[in-house]
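Residue numbers (this note's numbering), protein chains in the order written: chain C, 1 to 758; chain B, 1001 to 1291.
Any given hint could be a false lead.
Unchecked claim - Lysine to aspartate or glutamate pairs mimicking EDC-like chemistry, simulated, CA-CA at most 16 Å apart: (1) K1005/B <-> D115/C; (2) K1047/B <-> D115/C; (3) K1005/B <-> D97/C; (4) K749/C <-> E1247/B.
Unchecked claim - Restraint-style ranges between C-beta atoms, simulated for each label pair: (5) K1040/B <-> D113/C: 48 to 58 Å; (6) D1261/B <-> D625/C: 20 to 30 Å; (7) G64/C <-> D1087/B: 34 to 44 Å; (8) K431/C <-> P1004/B: 23 to 33 Å; (9) P1004/B <-> G675/C: 27 to 37 Å.
None of these hints come from the bench; they were simulated from the model.
None of the values given here were measured: they were computed from a predicted structure.
Idealized CB from N, CA, C, for every residue including glycine.
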Amino acid sequence: MMKQFNIVGKDIPRTDAPTKARGAALYTDDMKLPGMLHGRLLRSPLPHALIKNIDTSRAASLPGVKCVITAEDTPKIKYGNWRLFPDTQDEYPLAVDKVRFIGDELAAVAAVDKDTAEEALELIKVEYEELPGVFDVDSASRPGAPIIHYYCPNNISVNRKIKYGDVDKGFSESDYVREDTFTVHAVSHAYLEPCSALAQVDLDGRITLWTSTQVPYIVQCLLASTLGMRENDIRVIKPFIGGGFGGKMELRTWEVCAALMAKKTGRPVKFTLSREEEFLAGRRRHPMKIHSKVGFKKDGTLVAKDLKIQLDGGAYNAMGPTATFLCGNFGAMLYRYPNYRFHGEHIYTNKPPASAMRGFGAPQSLYATEIQMNIAAEELGIDPVDLRLKNAQVSGDKIPDVATISSCGFVDSIKAVADMSGWKEKRKSLKPGQGIGIGCYSFISGGVFNWFNTQYPFSAAEIRAFSDGTVHLLTMASDIGQGSDTVLKQILAEELGLAMEDIRITSADTSMTPQADLGSWGSRVTLMAGNAVLDAARKIKEHLFGAVSARFNLNVIHELECKNGRVQSKVKADYGTSFGEAVAMVQKANRGEPLVARGSYTPRDKGLVTPAFGFGAQVAEVEVDKETGLVNVKQMWTAHDCGTVINPRSVEGQLAGSIQMGLGYALSEQLVMEGGNTLNTNFADYKMPMATDMPPSKVVHVDTYEPEGPMGAKEAGEGLASPTAPAISDAVYHATGYRCKDLPITPEKILQALEKEE
Amino acid sequence: MRLPKFEYFAPKSLEAALSLLSEQKEGAHVLAGGTDIIVKMNHGRLKPKALIALEAIMGLKGIRFHAQGGLTIGATARLAEVAFHSDIVTHYPAVAHAAQVMANVGVRNMGTVAGNLCNAAPSADTAPPLIAMNAEVTLASLKGERRLPLDQFFEGPGLTAMEPGEIMTSISVPFPPSQSGGSYKRISARCGVDIAAVGVGVMVILDGKTCREARIVLGAVAPVPMRAAKAESLMQGQEWTQKLIHEVADQAAQEAKPISDVRASAEYRRKMVAVLTRRALEEAHERASKQ
Chain C
1 MMKQFNIVGK DIPRTDAPTK ARGAALYTDD MKLPGMLHGR LLRSPLPHAL
51 IKNIDTSRAA SLPGVKCVIT AEDTPKIKYG NWRLFPDTQD EYPLAVDKVR
101 FIGDELAAVA AVDKDTAEEA LELIKVEYEE LPGVFDVDSA SRPGAPIIHY
151 YCPNNISVNR KIKYGDVDKG FSESDYVRED TFTVHAVSHA YLEPCSALAQ
201 VDLDGRITLW TSTQVPYIVQ CLLASTLGMR ENDIRVIKPF IGGGFGGKME
251 LRTWEVCAAL MAKKTGRPVK FTLSREEEFL AGRRRHPMKI HSKVGFKKDG
301 TLVAKDLKIQ LDGGAYNAMG PTATFLCGNF GAMLYRYPNY RFHGEHIYTN
351 KPPASAMRGF GAPQSLYATE IQMNIAAEEL GIDPVDLRLK NAQVSGDKIP
401 DVATISSCGF VDSIKAVADM SGWKEKRKSL KPGQGIGIGC YSFISGGVFN
451 WFNTQYPFSA AEIRAFSDGT VHLLTMASDI GQGSDTVLKQ ILAEELGLAM
501 EDIRITSADT SMTPQADLGS WGSRVTLMAG NAVLDAARKI KEHLFGAVSA
551 RFNLNVIHEL ECKNGRVQSK VKADYGTSFG EAVAMVQKAN RGEPLVARGS
601 YTPRDKGLVT PAFGFGAQVA EVEVDKETGL VNVKQMWTAH DCGTVINPRS
651 VEGQLAGSIQ MGLGYALSEQ LVMEGGNTLN TNFADYKMPM ATDMPPSKVV
701 HVDTYEPEGP MGAKEAGEGL ASPTAPAISD AVYHATGYRC KDLPITPEKI
751 LQALEKEE
Chain B
1001 MRLPKFEYFA PKSLEAALSL LSEQKEGAHV LAGGTDIIVK MNHGRLKPKA
1051 LIALEAIMGL KGIRFHAQGG LTIGATARLA EVAFHSDIVT HYPAVAHAAQ
1101 VMANVGVRNM GTVAGNLCNA APSADTAPPL IAMNAEVTLA SLKGERRLPL
1151 DQFFEGPGLT AMEPGEIMTS ISVPFPPSQS GGSYKRISAR CGVDIAAVGV
1201 GVMVILDGKT CREARIVLGA VAPVPMRAAK AESLMQGQEW TQKLIHEVAD
1251 QAAQEAKPIS DVRASAEYRR KMVAVLTRRA LEEAHERASK Q
């Protein structure tokens, strides 16, 4: 299966690395424009209240303040990413009539400097009528609970059901049925670059917005509709981004305010959030209450699964609808369930909205799946590795209503990780306090369901070829730090037989790069934008091949190739020219017309979930201090299948980042909340693991080739975010006997469990 | 947050610093490494009228050690200097350890022991081992100098026995008695960089198999770093046994007055006092036995 590559599969250094290492990369907050104003947002101190009056007069008259706005100054048009279902669009840029969480934005100030804007906020007088708040899914979904959105009287904004086979019959035919309830908590994306947006109005009234976003195209469209403007009147430029992890994939208040206030004042306006604001009011991973019932045959064969998940969505939908859909799909993506039923509910509460976060519902759903597999393995007397091998999805399996799995290295991953970790002996023979555990994952390589209702291809690319032997790649795909600019250049260099330095790239500028790209989320970019680049590159090649064929009077049966900077006959390299000369020939044949090609990709005939699936398995070894309850993760082993590895170093970076996030999710990170208020709004008390907390890690990339992916590649960015928490949790159980069903695993919970045991 | 307007002084002598402090009166703050003060100012929790930096005063720099006189840590000696100072590592390993594990590299490179004490956080890492080792602080004012045992220095979170117009100029720790050993143990959720959820500093002085004296100091489990007096007295003159250590550790836990906050619950903190006290005593005993 392995194809021979020159540039793909190599540790090509990231093209942005030197710039970032030198501190020369410009992020949005680094930008300064002449006359620029600084914006700050007034946030609600109450979790649920009616706004009786907002008096901004004192703030507006503070010297240095140039603009103060409330909802009254906006067109009051709601927005939300699920454009296909306008009912789900539930957010105003500034609160209208009502605030729904602590941190909900009510007003914005733009002033000559940040301090003046901050001072002005204190001068805004708001009269509230406080309403009772609800802070968990149980109290929010109870009859008679306070209504958070009038359109949604039961606070359940999304209902999602999946059903195939006959679940009840499945359970009655099972030898062993297991039922558990899991709760998982909210964690922060904690991207190192807080959100920032800078808007400028052109002389003709059009807006340019530089913003820290994963989704320039979505921001462009929604900003236009929210301000009552036309899409083409908005230009969104994505500068360098310091991480997103799902937290920057919607239109956000400060983007609207910056644009609106720039229009009102005629001056550029910049907003940058503080870390405290990010923790207090920022998006986060959905807390979920997961009820899972599974049935097995005596020999470990899975028969049925009944999954009910309630998502604590916080005050607005944000990307909650997608998470609600996907956590149901993830519930049956890893193993073969002949009978499956899912019911997901997205529930409003008076907390900061949860949204997409690395894994998009998978870390939660798979935590339950994997822990339950381990419980079942123990009770059935089967090794957890063997139980997984027995039920693992394999290539060709059809997941009803989802898709048929094409490439699948899951079984190989399980075997490889068991082998490299010494699973069989260690599971039997570790000392007290030491443990080893396993967790697995499956993930999507981009989504199919067109909730944004775009009229454009999902990804697009334009290639301009030049007679000096270089090309210019234009794509709306967004490098947010994950390295897509490098990977797309690698794919293009490989296909055109060029070197990395022959390629210039312009990405993620909505007025310059081809329409469209849905953004960097769902692990979609390598596959979708990669395919678009390949599509365009092949069109370029056709032109070049034609010219070279004519020049050397080649028989039509000659196959040509682009290789080592040349365009030549595959069998007789003498019949060929340099890439640049070939471009010049095409141009001459077209009377000077530049050689340009467009390519695109939209998944079709791939069901409604994803065109390709990634898989993997991970083993963690831990040592637990049984007196303090502290967990030391000693080693991680990972074997995974992301198809062709385009850039090994980047994939290993994704793995390291996933382990870091998984470590925090399992053991240390949580937003400590009291009555809707977040108490730990800084990195001292939000316990994100540091470099010094990272365990050593070994990895095997299982060799597969995904036919739908560019050069065989599929996702590597998010799937790996799922297995770490269940692997650590299972290892903690192995070490202590404490089975965690409510994340995070804290020292206190471990000690309580140990005391109970005694 | 806008930094409040303030005057900045960097006097070159202690006398000048003391004069400035008395001239500026309330609203003037003394600045050593700034790792607490500047953060508080950035968050609007402190609005000083004047900052008097000690950095330029030569006499307050550095660490001095003599086998007779013991250890003197100047007010502007950095935590990082303390952490790896060879005499401190050899003779006061508990103090060195506290300075090695607290906060993060950046804070340790700027912050000072004096600042850590004057900030008077209940969780201040350097306080428990220093109190356990009988440290005293020297407080200077225009009226002269006074020395105060460190265990009488703390009066509440952020509150100390310092009078207006006083500056802490140094911390003195006597040379450890023979057959003595110290230890500092702390616990926090994250191993790399964190604030202690519980810290315990101890010193024991042995007489053969008997414990002549023990000092047990608990951090982050009361409004001030506190001595567990009853636990200490349980050990005095007693033969060193595992059973005794367990009783003492439990007693220390009884004496702690922890609260629940975002870092840990009161219940957990109390349990950890017992565990850390026992571990610290064991390590201190081992060190004392080697002497």
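Each hint tested on the structure:
1. Between K1005/B and D115/C, the direct Cα distance comes to roughly 12 Å. Compliance with the 16 Å bound is thereby established for this hinted pair.
2. Between the alpha carbons of K1047/B and D115/C the distance comes to roughly 15 Å, so the proposed pair stays at or under 16 Å and holds.
3. This hinted pair does not check out: K1005/B and D97/C have alpha carbons roughly 38 Å apart, beyond 16 Å.
4. Between K749/C and E1247/B, the direct Cα distance comes to roughly 25 Å. Violation of the 16 Å bound is thereby established for this hinted pair.
5. With their beta carbons about 22 Å apart, K1040/B and D113/C fall outside the hinted range of 48 to 58 Å.
6. Distance hint for D1261/B and D625/C: a CB-CB separation of about 22 Å, consistent with the stated range 20 to 30 Å.
7. Separation of G64/C from D1087/B is about 55 Å and departs from the stated range, judged on CB atoms against 34 to 44 Å.
8. Evaluation of the 23 to 33 Å hint for K431/C and P1004/B yields a failure: the beta carbon distance comes to about 57 Å.
9. Restraint check, P1004/B to G675/C: a C-beta distance of roughly 31 Å satisfies the suggested window 27 to 37 Å.
Comparing the model with each earlier hint shows violations of hints 3, 4, 5, 7, 8; every other hint is respected.
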